[in-house]
Amino acid sequence: MRIKEHPILKFNKEKKIKFIFNGQELEGYEGDTIAAALHAQGVKVLGKSLFLHRPRGFYCAIGNCSSCLMTVNGVANVKTCVTDLEEGMVVETQEGKGVIV
Amino acid sequence: MKQAEIVVIGGGPAGLCAAMSAAKSGAGVLIIDRNKSLGGQLVKQTHMFFGSEKQYASTRGIDIPEILLKELAKYKDKVEIKTNSTAVGFYEDGVITVLEKEDKYYKVEPKAVVVATGAYEKFLSFPNNDLPGIYGAGAVQTLMNVHGVKPGNRVLMVGAGNIGLIVSYQLMQAGVKVAAILDAAPKIGGYLVHASKIRRMGVPILTSHTVKEAIGKDFLEKAVVCKVDEKFNPIPGTEITFDVDVMCISVGLTPLNELLAMRGCRMKYVPQLSGLVPVRDENYETTVENIFVAGDASGVEEASAAMVEGYLAGLCAAAKIGYKPDDFYERRKDYMNQLNNLRSGPAARHILAGLDQIRR
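Note that the protein sequences, when read in sequence, are chains A and B.
Position 20 of the first sequence, counted from 1, bears residue number 1027 in my numbering, the numbering being contiguous throughout.
Position 232 of the second sequence, counted from 1, bears residue number 239 in my numbering, the numbering being contiguous throughout.
None of these hints come from the bench; they were simulated from the model.
Each hint should be verified, as a subset may be incorrect.
Straight-line Cα separation of at most 35 Å, DSBU-like style, residue types lysine-lysine; simulated pairs [as the list claims (entries may be wrong)]:
{"id": "1", "chain 1": "B", "residue 1": "Lys275", "chain 2": "A", "residue 2": "Lys1020"}
{"id": "2", "chain 1": "B", "residue 1": "Lys224", "chain 2": "B", "residue 2": "Lys118"}
{"id": "3", "chain 1": "A", "residue 1": "Lys1055", "chain 2": "B", "residue 2": "Lys234"}
{"id": "4", "chain 1": "A", "residue 1": "Lys1022", "chain 2": "B", "residue 2": "Lys108"}
{"id": "5", "chain 1": "A", "residue 1": "Lys1017", "chain 2": "B", "residue 2": "Lys85"}
{"id": "6", "chain 1": "B", "residue 1": "Lys275", "chain 2": "A", "residue 2": "Lys1104"}
{"id": "7", "chain 1": "A", "residue 1": "Lys1011", "chain 2": "B", "residue 2": "Lys118"}
{"id": "8", "chain 1": "A", "residue 1": "Lys1022", "chain 2": "B", "residue 2": "Lys219"}
{"id": "9", "chain 1": "B", "residue 1": "Lys275", "chain 2": "A", "residue 2": "Lys1017"}
{"id": "10", "chain 1": "B", "residue 1": "Lys184", "chain 2": "A", "residue 2": "Lys1023"}
{"id": "11", "chain 1": "A", "residue 1": "Lys1104", "chain 2": "B", "residue 2": "Lys85"}
{"id": "12", "chain 1": "A", "residue 1": "Lys1055", "chain 2": "B", "residue 2": "Lys204"}
{"id": "13", "chain 1": "A", "residue 1": "Lys1055", "chain 2": "B", "residue 2": "Lys108"}
{"id": "14", "chain 1": "A", "residue 1": "Lys1022", "chain 2": "B", "residue 2": "Lys184"}
{"id": "15", "chain 1": "A", "residue 1": "Lys1017", "chain 2": "B", "residue 2": "Lys89"}
{"id": "16", "chain 1": "A", "residue 1": "Lys1017", "chain 2": "B", "residue 2": "Lys77"}
{"id": "17", "chain 1": "A", "residue 1": "Lys1104", "chain 2": "B", "residue 2": "Lys61"}
{"id": "18", "chain 1": "A", "residue 1": "Lys1025", "chain 2": "B", "residue 2": "Lys224"}
{"id": "19", "chain 1": "B", "residue 1": "Lys89", "chain 2": "A", "residue 2": "Lys1055"}
{"id": "20", "chain 1": "B", "residue 1": "Lys81", "chain 2": "A", "residue 2": "Lys1025"}
{"id": "21", "chain 1": "B", "residue 1": "Lys83", "chain 2": "A", "residue 2": "Lys1020"}
{"id": "22", "chain 1": "A", "residue 1": "Lys1055", "chain 2": "B", "residue 2": "Lys184"}
{"id": "23", "chain 1": "A", "residue 1": "Lys1020", "chain 2": "B", "residue 2": "Lys108"}
{"id": "24", "chain 1": "A", "residue 1": "Lys1017", "chain 2": "B", "residue 2": "Lys108"}
{"id": "25", "chain 1": "A", "residue 1": "Lys1104", "chain 2": "B", "residue 2": "Lys81"}
{"id": "26", "chain 1": "B", "residue 1": "Lys275", "chain 2": "B", "residue 2": "Lys111"}
{"id": "27", "chain 1": "A", "residue 1": "Lys1020", "chain 2": "B", "residue 2": "Lys111"}
{"id": "28", "chain 1": "A", "residue 1": "Lys1011", "chain 2": "B", "residue 2": "Lys108"}
{"id": "29", "chain 1": "B", "residue 1": "Lys331", "chain 2": "A", "residue 2": "Lys1011"}
{"id": "30", "chain 1": "A", "residue 1": "Lys1017", "chain 2": "B", "residue 2": "Lys81"}
{"id": "31", "chain 1": "B", "residue 1": "Lys43", "chain 2": "A", "residue 2": "Lys1011"}
{"id": "32", "chain 1": "B", "residue 1": "Lys114", "chain 2": "B", "residue 2": "Lys83"}
{"id": "33", "chain 1": "B", "residue 1": "Lys129", "chain 2": "A", "residue 2": "Lys1020"}
{"id": "34", "chain 1": "B", "residue 1": "Lys224", "chain 2": "A", "residue 2": "Lys1104"}
{"id": "35", "chain 1": "A", "residue 1": "Lys1017", "chain 2": "B", "residue 2": "Lys118"}
{"id": "36", "chain 1": "A", "residue 1": "Lys1017", "chain 2": "B", "residue 2": "Lys61"}
{"id": "37", "chain 1": "B", "residue 1": "Lys229", "chain 2": "A", "residue 2": "Lys1020"}
{"id": "38", "chain 1": "B", "residue 1": "Lys43", "chain 2": "A", "residue 2": "Lys1055"}
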């Protein structure tokens, strides 16, 4: 769900980036954050809550609320709303607290 | 340990203006910002600003960082910029701990500090309010206007203040349907010029309404709203269900200023300024010497006021450590007058009432 036309803004989405989300190959663009690239592909659930395992999505999108934490390239608790997407990144939904490597 | 004359924490409208003002007086400035580029939340404000020319009225928010950075570049031999850097600690010894790119820590010892860390979005309590699809209005603005991604297909906007109204309009600009705008208050909080524009586009604004519950399994599928009485209690039998996949929470901001509390500045809860704010004098110096505050971190207002507070705090911080320009009193008076003008309308009455409670 990318914005195609906008009366004010132009989005320079040129270079495609491939990444892996839960074992599945997805595409985003250079300049996307991980959360934005996932959202553009319709992925809203980024993790599960610590105790009740309720679905979690982002809330603030600017790195304040920690609702978007995921495991990225094996590192737990990455704030995906402010972390840029990179080629070949392995992104996983995080259950619980995550494991410190 | 890194030495600095003035450290400005936060490179949004307040921080950039503070840095510029201090550098103009001749002080060396270090700007620390956790984002990859400066400008704070201006980078998603596609609307034209209100206020007066001095605060870039009629300019789109997204264009202001460039103007400010160009101005700041005039003092580039005085200013050092550290992006991707978060100030994570600030204690009694006055040393700031910075985390750079999530993996490198270092310490900075400043002579004076301007904390311009902004604000964060408030939340609202209702059953299932944690479902994905329920986002801060500012978050949706970031997703759309910075990343070019639509938040969903149909949105319910909760809050008819300026942010709620402006983001609703921006959603429609991005091609997203807005089902309705709610506000628990009996009156629209934002400017009527925004509200009229939205109503003309066929979006109902339901005052005296709140969210009763959100419905959905993995993400938001429906939202149930209801009317409230004058004491904000839900009125049974007034429920309306909206088929929406996005709900935007736009119920205000609250100052983000834990660093000041950590440093030992006296804080006070002032509802009119939207939360816990530092006690300060008219120069925006807190109760800890040489620690200044500016922008939303000092109480939630508009970006225009944040910029002027930045200029004032930067000027006064520089003067405190020995960089007092010949036109100090003129500049100070000019900034204070600008703030008074910005706060002269009826919409700013609560700000003035709030400021009365925290003046040192």
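Just to be careful, I want the Cα atoms of Lys114 of chain B and Lys83 of chain B compared with a cutoff of 35 Å; is the pair within it?
holds, 22 Å
Are Lys275 of chain B and Lys1020 of chain A close enough, with their CA atoms no more than 35 Å apart?
At roughly 45 Å apart (the allowed maximum being 35 Å), Lys1020 of chain A and Lys275 of chain B break the hint.
Check the hint pairing Lys1017 of chain A with Lys118 of chain B against an upper bound of 35 Å on the C-alpha distance.
Answer violated: Lys1017 of chain A to Lys118 of chain B is near 42 Å, above 35 Å.
For the pair supplied as a hint, Lys1011 of chain A and Lys118 of chain B, is the alpha-carbon distance within the 35 Å limit?
violated, 49 Å
Is the straight-line distance between the alpha-carbon of Lys1022 of chain A and that of Lys184 of chain B 35 Å or less?
holds, 29 Å
Checking one constraint from the list: CA of Lys1020 of chain A to CA of Lys108 of chain B, max 35 Å. Satisfied?
holds, 24 Å
Just to be careful, I want the Cα atoms of Lys1017 of chain A and Lys81 of chain B compared with a cutoff of 35 Å; is the pair within it?
holds, 29 Å
Lys229 of chain B and Lys1020 of chain A were given as a pair; does the straight-line alpha-carbon distance stay at or below 35 Å?
holds, 32 Å
Need the status of pair Lys89 of chain B, Lys1055 of chain A: alpha-carbon distance at most 35 Å?
Satisfied, since the Cα-Cα distance of roughly 34 Å is no more than 35 Å.
Take the C-alpha atoms of Lys331 of chain B and Lys1011 of chain A, compute the straight-line distance between them, and say whether it is at most 35 Å.
violated, 51 Å
Take a quick look at whether Lys43 of chain B and Lys1011 of chain A sit within 35 Å of each other, Cα to Cα.
Holds - the C-alpha atoms of Lys1011 of chain A and Lys43 of chain B are around 25 Å apart, at most 35 Å.
35 Å Cα cutoff - pair Lys1055 of chain A, Lys204 of chain B
Measuring from Cα to Cα gives roughly 40 Å; hence the hint is violated.
Comparing the model with each earlier hint shows violations of hints 1, 2, 7, 8, 9, 11, 12, 17, 20, 25, 29, 35; every other hint is respected.
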